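**Q** As a plain string of letters, each chain reads:
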Amino acid sequence: MPFARNQWYVAAYGEDIGDALFGRTICGEPILFYRTADGRVVGMADRCVHRRYPLSAGSRVGDRVVCGYHGFTYDPDGSCVAVPGQSRVPRTARVPSYPVVEQDSLIWVWIGDAAAADSAAIPRAPWLDSPDYTTVRGMEPLAARYELLVDNLMDLSHETYLHAGYIGTPEVAQTPITTETDEDAGVVYARRRMKDVECPPFYANSTGIKGRIDRWQDIEYRPPCLYLLHSRIAPTGLEPGPDGDDSAANHAEIVYAITPETEHSTFDFWMVARDFARDDEEVSAFLAESNRTVVLQDVTALNLLEQAIAAEPEGYQELSINIDTGGLAARRMLHRLIEQS
Amino acid sequence: MTSEGRVPDMKGGFQVPGVKRGFQVFWQPGSDILTGTCHCGAVVRAEDPIGVWNRLLAHPDHGPEAR
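Residue numbers (this note's numbering), protein chains in the order written: chain R, 1 to 341; chain F, 1001 to 1067.
These are computed hints drawn from the structure, not numbers from a lab.
Predicted model, so just to flag it, every value in this text is computed and none were measured.
From the three backbone atoms N, C-alpha and C, an ideal C-beta is built for every residue, glycine too.
Among the clues, some could well be false.
With a cut-off of at most 25 Å between alpha-carbon atoms, the simulated SDA-like pairs for lysine to any residue come out as follows [what the hints assert, rightly or not]:
| id | chain 1 | residue 1 | chain 2 | residue 2 |
| --- | --- | --- | --- | --- |
| 1 | F | Lys1020 | R | Leu229 |
| 2 | F | Lys1020 | R | Ala120 |
| 3 | F | Lys1020 | R | Gly186 |
| 4 | F | Lys1020 | R | Leu337 |
| 5 | F | Lys1020 | R | Arg124 |
| 6 | R | Lys210 | R | Arg124 |
| 7 | R | Lys195 | F | Phe1026 |
| 8 | R | Lys195 | F | Pro1017 |
Quick look at which bits of chain R chain F covers, simulated, 3 or more residues with Cβ under 8 Å [to be verified]:
| id | region |
| --- | --- |
| 9 | 172 to 181 |
| 10 | 324 to 335 |
Looking at chain R on its own, in the form it has when it is part of the complex:
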């Protein structure tokens, strides 16, 4: 499956991009990122116009990038300002630049027609740099096509099996799921709200709740890249107030950015933002280690699945059952974006 173009993708975390040249392939396009002296993040093709040497292997002089092979020198907008051994710079000497926006602590890059980039269309994840939340995060490279990660995250039923002992509990596989789509906005929602259930270690150890809980899992997938799991954990029976005030409950905003690197590899950005135990470093360390473990369980499974799919004959027919309702909606939204692009 090709990529959805004319879309925003998460390229990196804000702290990943500094003075150093940072090369990353997004949707098959090698891109160089760096931060200029005024703090702005810029993106340009990571291939010198001369002999395609990766510019990320070069060096910086001020805000300019110097190719490490022959010294072609580029401004932050991708225009070449100097070539070796001659004073005339050919008119065509420039590399494409990419629209880049830093928002909610994420570096977003536009893949597609640069003239069509609208930063207002970038989906939001405001918890990630909110003073009211504490966030832990990481990124795991996945040797699998990004669609497998979309399937995995939209599927609420594998927790009981693949992630038993972390986020899975028996009730997870027994609770009704409501899937909704917003066809105009292109969003898929999947909700599961559990009452009076066992608290999994992931939350028992981080919230300090000892007894049974009410647990909400509200998924919001904004294709192609951003996946949000709004998680509410509260002692059973504790409901939001009539005015909507829910400050007595614990909330974890679990965010994934699903960014294709190539057709068969993906960047799996994972983030856990919480509004409880915000200053407790042990809780931060525990949630980071636990979530990374869960992500790596998925990575292992999806890498295996990619190998199986890559080796199968064409025309293999898979089988979908009721647990796949949300995943199928997400696939359809993705296909629609690909067709539109």
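Use these hints to put chain F onto chain R, whose structure you have.
**A** Frame of chain R, contents of chain F only:
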């Protein structure tokens, strides 16, 4: 809360407010039946997710058993 600051309404019907064109599918684990609701109010039932989505996406022709 959604990323746009909306608090989901759990009183019934569509849970995400403000959706003009959308679909809902409800599933109770253990049940073989999926119940789909179209934004037009039509309710369809099917025994597999491809079937329920196809019937919802066929709006406004949801089929003879839709109500």
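**Q** Mind listing which of the numbered hints don't hold for this structure, in increasing order?
**A** The structure conflicts with hint 6 only, although it agrees with all the remaining ones.
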